[in-house]
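These protein sequence lines map, in sequence, to chains A and B. Letter by letter, the first sequence follows residues 1 to 304 of the working numbering. Letter by letter, the second sequence follows residues 1001 to 1265 of the working numbering.
Hints listed in this document are in silico derivations from the structure and should not be mistaken for laboratory results. All of these numbers come straight from a predicted model, not from anything done at the bench. We treat Cβ as the ideally placed atom computed from N, Cα and C, and that holds for glycine. Be aware that a few hints might be false.
[Stated by the list, open to error] The list that follows gives simulated cross-link-like pairs (lysine to any residue, SDA-like), each with its CA atoms no further than 20 Å apart: (1) B/1139 x A/236; (2) A/32 x A/226; (3) B/1139 x A/163; (4) B/1139 x A/32; (5) B/1139 x A/186; (6) B/1139 x B/1155; (7) B/1204 x B/1129; (8) B/1139 x A/167; (9) B/1139 x A/169; (10) B/1139 x B/1129.
[Claimed, not checked] Calculated Cβ distances over 10 Å to all of chain A for the following chain B residues: (11) 1014; (12) 1115; (13) 1127; (14) 1180; (15) 1221.
[Said to hold, decoys possible] The calculated label-pair distances, taken between Cβ atoms and stated as ranges, are: (16) B/1021 x A/138: 54 to 62 Å; (17) A/139 x B/1160: 44 to 52 Å; (18) B/1026 x A/32: 34 to 42 Å; (19) A/47 x B/1189: 34 to 42 Å; (20) A/166 x B/1189: 34 to 42 Å; (21) B/1192 x A/245: 26 to 34 Å; (22) A/299 x B/1162: 37 to 45 Å; (23) A/20 x B/1081: 51 to 59 Å; (24) A/144 x B/1086: 27 to 35 Å; (25) B/1244 x A/139: 31 to 39 Å; (26) A/32 x B/1021: 54 to 62 Å; (27) B/1098 x A/36: 20 to 28 Å.
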Amino acid sequence: MTLKSLTRAWEPMSYGFLDGSAKREIRRKMLKAIAVPGCQIPYASREVPMARGWGTGGLQISCTLIHPAMRIKVIDQGADDSVNAASIRNFLARVSGAPVTMDTLQADLIQSRHRIPEERLRADQILVLQVPNPEPLRSVQPNMSIARQMHADADYGRMWLQLYEQIVRSGRVMQGASYPSLVNGRFVMTPSPIPRWDVPKLNMAQHLTILSAGREKRLYAVPPFTRVAPLVFDDVPYRVEDHGHLTCQRSGAAGYFMNEIPQADGTSTFEVSDSELGVKTIRKAEGAPAHIGRTWYENGRLVQ
Amino acid sequence: MTLTLDTPQLVKTQPLLVARNVSKSYGAVHALRDVSAVVYPGEVLGIVGESGSGKSTFLRCLNLEETPDSGSYTLDLPDVQGNLFDLDRYARRMLCATRIGIVYQNPHLGLLMHHSSSGNVAERLLVAGERRFAVLRDKASAALDASEFPLDRMDAPPVELSGGMQQRVQLAKAIALEPALLLLDEPTTGLDVSVQALVLDTLKRLQQDRRITMVIVSHDLGVIRTLSDRVMVMRRGQVVETGLADQVFQDPQHAYTQQLVHAKL
Ligand SMILES: Nc1ncnc2c1ncn2[C@@H]1O[C@H](COP(=O)(O)OP(=O)(O)OP(=O)(O)O)[C@@H](O)[C@H]1O
Ligand SMILES: [Mg+2]
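Isolated chain A, as found in the complex (with noise of 0.2 Å):
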């Protein structure tokens, strides 16, 4: 056995940019998080070109998850088309030669940031989710050491007394994104900053959810077919944010999460957050061809 067996050839750079064992140890973490539904696995986060809190954890996912025949698609508060999703598109491109996509329905992996796509993922598509706070009892229990006992506890009695004070002080639960949820019947997660709207989406899903935050070193993961519940009171049902009703102004979507545009005279007009719906619809509206699949929602509703 020589030295030189034993080692391998220079190259410039890592495929998916991260080295052999950063991936492998990424791999058996993420592993470990679909092995405990919702648990926080602790990783070795390694530095990537980007700054920390502009999805470093979601890119290292990214990276080890990556091959060349795998479409990739990212989003960043529903929209392909804005500056940190290009960004983190032609990174990946770059350091794996995989194909992009801006169709959720051709994509095999996404990755985005505070929102899940309208149209429905299959079983066969993954979604990874940046996460700047992956814990959600912080608000209760700064101690992170305490917090994690009192997740192998299940002592969430402290997170329902917060929305039990809410009621109480506003008459409803204020909490908007990054409701806190209970995974399988055991661990409470920040589904990552996704509005009140995409939370019932991981419930049940054909898809693999991983979140994962960069700069607290965590994961977890939603399989498929997992029980993903919004903490809420018998008699005090979840609601959704009320964007049934709206109509995009520019496509004419109608019936999905809608990102508000205030105008000078004091209204609002609205259109559609998940910007590749809006072009799809757009392009069916001109007669182009354009494939809408499934959506989650269906007139404004949840259709289970």
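Take the given structure of chain A and dock chain B with the ligands to it, following the hints.
Then chain B with the ligands, alone, in the frame of chain A:
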């Protein structure tokens, strides 16, 4: 030390609480030395003793917040078996959260000062698994009402309440789940005399109406005399005398108790 079991009339023969030879040291300080106690269902055990005699330490042991160096502790409850000091953290938490209520001298130890008072009570119900908001409201207000807390202030945070009101919130929290055992550590100390009398009245009424088994700690003989069926006198981590309340107060046996009783009179 041998334990004298002065069984009062009116109670079952099987004790609810049996603690035997509980010892606890903090470094060189022997906070508890072979302390044993027996409490029967529906009975009130009063613990008196000078400052530093180990009363609070013993109560913390009974609330499973503190693990003694040696000794055993059993509660005669369905599904509760063995020496409770051997339970793991999770089992302790569930037992304390559902079966034992505690009122601390310092409300900061027992309450979230910036949450609503009703929320403080509701937390106990939430930990026990109640998930109906309307039921939480009803039960929290019933417990606050039983503690004679003014219901128009039920959503005020304890930080805005007087000391006496804070103790009532603690009490409501402690009784919200109808605990098998209620522990009270100097519940009226630090309150002014008239407020103290009112809180004592509430405790007395609760005791009469619900026959809750209680262990109450105080260095105030008056408080102990008002509430207790039986009395345990502690000094320097040891029990020096136990007996029926009337007996101990009228005919103290131990020199230290005699000193205490006479100083009071
Ligand atoms: N956490 C601790 N660490 C170190 N020493 C302690 C601790 N808790 C209690 N002690 C010591 O144990 C002894 C008994 O204390 P404890 O608080 O039980 O007394 P007490 O009877 O409740 O007194 P008081 O009437 O002043 O409340 C004291 O000497 C105290 O200093
Ligand atoms: Mg004390």
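Hint by hint, here is what the structure shows:
1. Between residue 1139 of chain B and residue 236 of chain A the alpha-carbon distance is near 17 Å, which keeps this suggested pair within the 20 Å criterion.
2. For the suggested pair residue 32 of chain A and residue 226 of chain A, the alpha carbons sit about 15 Å apart, so the restraint of at most 20 Å is met.
3. For the suggested pair residue 1139 of chain B and residue 163 of chain A, the alpha carbons sit about 17 Å apart, so the restraint of at most 20 Å is met.
4. Taking the CA atoms of residue 1139 of chain B and residue 32 of chain A, the gap is about 41 Å. The hint is violated against a cut of 20 Å.
5. For a cut-off of 20 Å, the pair hint linking residue 1139 of chain B to residue 186 of chain A is broken: about 26 Å separates their Cα positions.
6. With a CA separation close to 14 Å, the supplied pair residue 1139 of chain B and residue 1155 of chain B stays within the 20 Å bound.
7. A hinted pair counts as satisfied when its Cα atoms are at most 20 Å apart, and residue 1204 of chain B with residue 1129 of chain B does not qualify at roughly 30 Å.
8. In summary, the hint linking residue 1139 of chain B to residue 167 of chain A is supported, as the alpha carbons are separated by about 16 Å, within the 20 Å threshold.
9. Our distance criterion of 20 Å between C-alpha atoms is met by residue 1139 of chain B and residue 169 of chain A, whose separation comes to about 18 Å.
10. For the suggested pair residue 1139 of chain B and residue 1129 of chain B, the alpha carbons sit about 13 Å apart, so the restraint of at most 20 Å is met.
11. At the 10 Å boundary, the C-beta of residue 1014 of chain B stays outside the reach of chain A, the nearest C-beta of that chain being 32 Å off.
12. The beta carbon of residue 1115 of chain B sits about 6 Å from the closest Cβ of chain A, which is not more than 10 Å, so the claim that it is off the interface is violated.
13. Not every CB of chain A is more than 10 Å from the CB of residue 1127 of chain B (nearest about 4 Å), against its label as outside the interface.
14. At roughly 20 Å from the closest C-beta of chain A, the C-beta of residue 1180 of chain B stays outside 10 Å, upholding its exclusion from the interface.
15. The non-interface label for residue 1221 of chain B is consistent with chain A: the shortest C-beta to C-beta separation is roughly 38 Å, beyond 10 Å.
16. Judged by the Cβ atoms, the range 54 to 62 Å given for residue 1021 of chain B and residue 138 of chain A is violated: they are separated by roughly 43 Å.
17. Checked against the given bound of 44 to 52 Å, the beta carbons of residue 139 of chain A and residue 1160 of chain B, roughly 22 Å apart, lie outside it.
18. The hint said 34 to 42 Å for the Cβ distance between residue 1026 of chain B and residue 32 of chain A, and at roughly 41 Å that hint holds.
19. Distance hint check: the CB atoms of residue 47 of chain A and residue 1189 of chain B are about 57 Å apart, inconsistent with the given range 34 to 42 Å.
20. Hint check: residue 166 of chain A to residue 1189 of chain B, Cβ distance near 35 Å, so the stated range 34 to 42 Å holds.
21. A hinted range of 26 to 34 Å is violated for the C-beta pair residue 1192 of chain B and residue 245 of chain A, which are about 59 Å apart.
22. At roughly 56 Å, the beta carbons of residue 299 of chain A and residue 1162 of chain B sit outside the given window of 37 to 45 Å.
23. At about 53 Å, the beta-carbon gap between residue 20 of chain A and residue 1081 of chain B stays in the expected band of 51 to 59 Å.
24. The hinted range of 27 to 35 Å is satisfied by residue 144 of chain A and residue 1086 of chain B, whose Cβ atoms lie roughly 29 Å apart.
25. A beta carbon spacing of about 51 Å between residue 1244 of chain B and residue 139 of chain A contradicts the range 31 to 39 Å that was offered as a hint.
26. Distance hint check for residue 32 of chain A and residue 1021 of chain B: the Cβ-Cβ separation is about 45 Å, which falls outside the suggested range of 54 to 62 Å.
27. At roughly 27 Å, the beta carbons of residue 1098 of chain B and residue 36 of chain A sit within the given window of 20 to 28 Å.
Checked against the numbered hints above, the structure violates hints 4, 5, 7, 12, 13, 16, 17, 19, 21, 22, 25 and 26; every other hint is satisfied.
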